[in-house]
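Asker: Chain L is already provided as a structure; the job is to place chains U and F on it using the hints.
Chains as they are written, first to last, in the working numbering: chain L, 473 to 1260; chain U, 7 to 290; chain F, 968 to 1122.
No lab work stands behind these hints, which were simulated from the structure alone. Where is the CB? At the ideal position from N, CA and C, for every residue including glycine.
Covered stretches of chain U, as calculated for chain F (at least 3 residues, CB under 8 Å): (1) 57 to 63; (2) 111 to 121.
Which bits of chain L does chain F cover? Going by a derived footprint, with three or more residues having C-beta under 8 Å, they are: (3) 487 to 494; (4) 497 to 504; (5) 664 to 673; (6) 716 to 727; (7) 751 to 761; (8) 975 to 983.
Computed spacing ranges between beta-carbons, pair by pair: (9) L/Ser533 - U/Asp64: 45 to 53 Å; (10) F/Gly999 - U/Asn216: 54 to 62 Å; (11) L/Ala917 - U/Pro269: 31 to 39 Å.
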Amino acid sequence: MTAPTVAHPAELGRARLRKEDARLITGQTNWTDNIVLPGLLHMAFLRSPHAHARITSVNVSAARQLPGVIAAYSGADFADEQGSLPCAWPVTPDIVIPAHPPMAVDEVRYVGEAVAVVVARNRYEAADAIEAIEVDYEPLPPVLDIRTALDEDSPKVHEAGNKSFEWVFGNGDIDAAFSGAPVVVERTYRQQRLIPSAMEPRAVVAASTGDEVTLWSSTQIPHVLRVMLALVTGIPEQNIRVIAPDVGGGFGSKLQVTAEEVLAVLITRKLGRPVKWTESRSEGNMTTHHGRDQWQRIRIAADSDGRIRGLDVDLLADMGAYLMLVTPGIPLLGAFMFNGIYKMDALAFKCTGVFTTKMPTDAYRGAGRPEATFAIERTIDELAVELGLEPLELRARNWIAHEEFPYTTIAGLTYDSGNYEAATAKAKELFRYDELRQEQAERNARNDPVRLGIGISTFTEMCGLAPSRVLGSLSYGAGGWESASIRMLPTGKVEVVTGSSAHGQGHETAWSQIVADQLGVPFEDIRVLHGDTQVSPKGMDTYGSRSLAVGGMALVGACDKVIEKARVIAAGMIEASADDLEWTAGRFSVRGDPEKAVTIGEIALAAFAAHNLPEGVEPSLDSDHTYDPDNFSFPHGTHLCATEIDTETGMVTIRSYVAVDDVGKVVNPLIVEGQVHGGIAQGIAQALYEEAVYDDAGNLVTTTLADYLVPSAADLPSYVTSRTESPSDNRLGVKGVGEAGTIASTPAVVNAIIDALRPLGVSDVIMPCTPERVWRAIQSAQQSGATS
Amino acid sequence: MIPSKFDYVRPSSLDEAVRALADAGDDAKVIAGGQSLLPLLRLRLANPELLVDVGGIDELRGVTDEGDSLLIGARTTHYQLVHDPLIAEHCGLIAETAETVADPAVRHRGTFGGSLAHGDPAGDLPAVALALDATLIARGPGGDREIPAADFFVDYLTTALEPAEVLTGIRVPKLPGWGYRYEKFHRTAQAWATVGVAALVQRSNGQVANARIGLTNMGPVPVRATAAEEAATGAQASRDSLRAAASRAGEGTEPPADLHGAPDYRRHLARVLTGRALAAAAGV
Amino acid sequence: MTHITVTVDGARYADDVEPRMLLVHYLREVVGKTGTPIGCDTSNCGACTVLMNGESVKSCAVLAVQADGADITTIEGLANGELHPLQRAFHEMHALQCGYCTPGMIIAAADLLRDNPHPTEREVREGLEGNLCRCTGYENIVRAVQRAAEAGATS
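Only chain L is shown next, with the shape it has when bound in the complex (with noise of 0.2 Å):
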């Protein structure tokens, strides 16, 4: 394939204000609730109080009664279509993967699971009608901690037992690298489960015309819902269209296919009337899936001088009750990452993936990397005080060199670029590291008793997901690629379609950048497309920090077959040669000759027109193009937080916090810098502020944002940002950032914590660092009479 170079890139790294706000800044926007069709009735769920009980009887018969009323059901109605929501990422052979139901028949495994529904005229009806169901449970001991849900006496969520899967990964020899190794450092973290909380709360509309259904949703993935909804309802693929309309935010959340969709599209196809169903905020959190909760098991073995001979993992992983979509795999995404920015000679991975009768796990912004990360950057602190090392001195004795990129980890995988002493040199000047160093040694010595920590966090992370055949190695039921297509329209404006599905990222700004360098035409004249399997047929949509990397490289692919599409009519059109034209800025022009040129735009007529065309040239210069990266993208960054600590109380201020991160080459640099902001926020909330807690029934106690604290502007402080640039090794140069911030961020504030507690005796708190936690913390430490 010819490679033309864009001379100037007029686009590549501007500040481009976005075209999405337009409508978001004034309320004309299509959120899924908006939507309104003719005869439309609302679905409002029955959600079982129970962590765990069978259903003994479901009476539908008074709510069917009820005014406006116009059907009920319960599971046993859907138990021979409904089928099984599905888990596409099998990580072993013999993992357990149990039947799920859309909507519950004989058990249920969770508070929220669905147990029957009603459709109604308008949602007022249907919500009083739920009430009148009737529903019989017996109720089952709930499971509840994966630390003792795999002894022998523990009750089970299902009957194959309550241990889904182990996965075991390493590399290099683990028991040489721990045997004499001059220093060992064993630590226990807990990753608590989180709830992912998009502003937009998850809402369907589903209508039905004959054979054909529509699914609107509020939904990171209408591509892959498409071809599952078709899996799992038998409904013929080419007969389902799926349509995300303005979707907002998802940060992995609405990377799934839930219950209500699937309900949706059968209910709408049994009623011949569209549905609508609307999820509450506290529905929401009981049953929009969660992220993280595991518990990790972290040995580090190193030479006296620092330098790591050897890392090992083990994992408990609580995967809920079911395995959705990607359930089991997101631990398993971490696996690579646990080594870090590090050398090291071994590295040992194992994870057990385990049930409870809890929402099940899935994607949350980072998806098993920030498990990784936090855990390898405790520890790494951890390392620096058991030597008596300054924490950056150590990472630096370990990390993988500048001039060493690319570089193949021990986990395996090749990092294209990094300047890990860059980003670092850069983040200690305009943190002011040493003033602050200084600061926090004259508080120690006046035992002040408000302490300051320092925290830092070095992480590297692979996103850009993924290489195809890196995911089948993982036994991960679809590809990584990515698809884009380009129509050149005869008034020489552009149609951008694209298989990448934002919600809130700017690809209809930062695309129109691309392919305005691309093809040298204007930003304001493309316009970019998604989001409906009827416009956009093909693609594997947003998450994993996936749609610059690969999406964006899709559209160079595209805009490179239209060029060469473009260079032959250019060639009949000027009458010269095909290889005596020279491509630049949007224009092919005669080597040598530059007044003899046409634009792509004249291109474009001529092909629409096609009364000229070349002997055997199709009228057209519309292209596709799917890319399949041959790699992931390592961003990496370097995060320092100075945490105060009131430690007579245990409130914890974030008093500064700066970020540089190295996210390759910039398309839209407002972009990166809101990703990494928000990404931040996100992380800074898990370290101090959110947890998604059950009470010893197994009820979700946080189903509401007063007791599961979302922050707001006045709970986070001002970022200081700034960034190093290592490009990729993509012809754009491109790495992913969306989910980067939240990565970094939580090990830095963690650790900025123990490091102010630290001359107190405190080695560790358990996340979410509350004032109590860390207050109790320090109480503890003091009554031992531990003290450093």
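Answerer: Just chains U and F now, kept in the frame of chain L:
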């Protein structure tokens, strides 16, 4: 998400409101700003059959200077409590506390009377009313009744108001020359107080002549930290002495256990925050 | 049913509504103002914030019947031919990503600037404590409000 059905009346006079409540018996609730009630209705934790909206009753508004005291109409919003010049001048503790309640939009609707009548010990204003020894005035079928704050908060979400009574106003003493402070400890800006301390201190010659301390979220009702008050009275107006007095702040409290704190931590917070509140109120 | 008359974005509406109907549902489904979204059920998220008689309120925590006689402004009524300075500032400072919190955030910011035309960074953050955003981390939102304040946006 969606409330159960209820009937609704919006009387234009207080007596009409009382009559509507009397006719409905136990199944009616008064709604003023609705900021406490609406979330309960939406989660179907409250399912009244009738809402009596007092939003149109002018008698319930306004702040009146009574000489030694202010009479604050029950429908005065939190925003008005923050901005009213009489309150700012004569009862700054109320203004300072009201500003910590929820967020600006909620403060535009939520009312002083509503907060008190709701009787949530985790709300900020009940502890303030208690610390001020406020008098709550209610109108019922039998006429007006004055209820001292000490008798008003009976149990969790339960006040001394009879089903057919409407809280009409709150009388607060001016306490000229007293210092005050509301210390609110909460995990995020929107979060309820894990513990809150309302302190009022009257100084005399470098000593504390009088101290009043009301505690938020230290029991099923707001409580006066009487042991700490006694310890502070007559103490030196210094940080150390006031800290010492504050060490008794947890006595007689039954703090709840929840996500945000266990009882022992709450008692500890009460002690620390009382020390800080007393010091700030004493101007040291 | 209760009869109410409400002015929304400059137009008057007369309707019979169930007393339990939330103002936000009335706006979205009866009046057709879908620009104002719903994000939670406990008045925490602020996505539903509108102006009611000139003050910010969370429309999910107001009954439609309580809005009888009121004058409501939603995000759709904020611009007057051209963009409100806050809308422009949000666009220029990249203060939105998915846009779901944006209507409520802009209305809350408008109310903040009405009350305090020159807020400090701390005052902006506290003024927006009732509006949650999951995408932006608030950094650019704060900058946008400060920018609008500089441009003299006082309502």
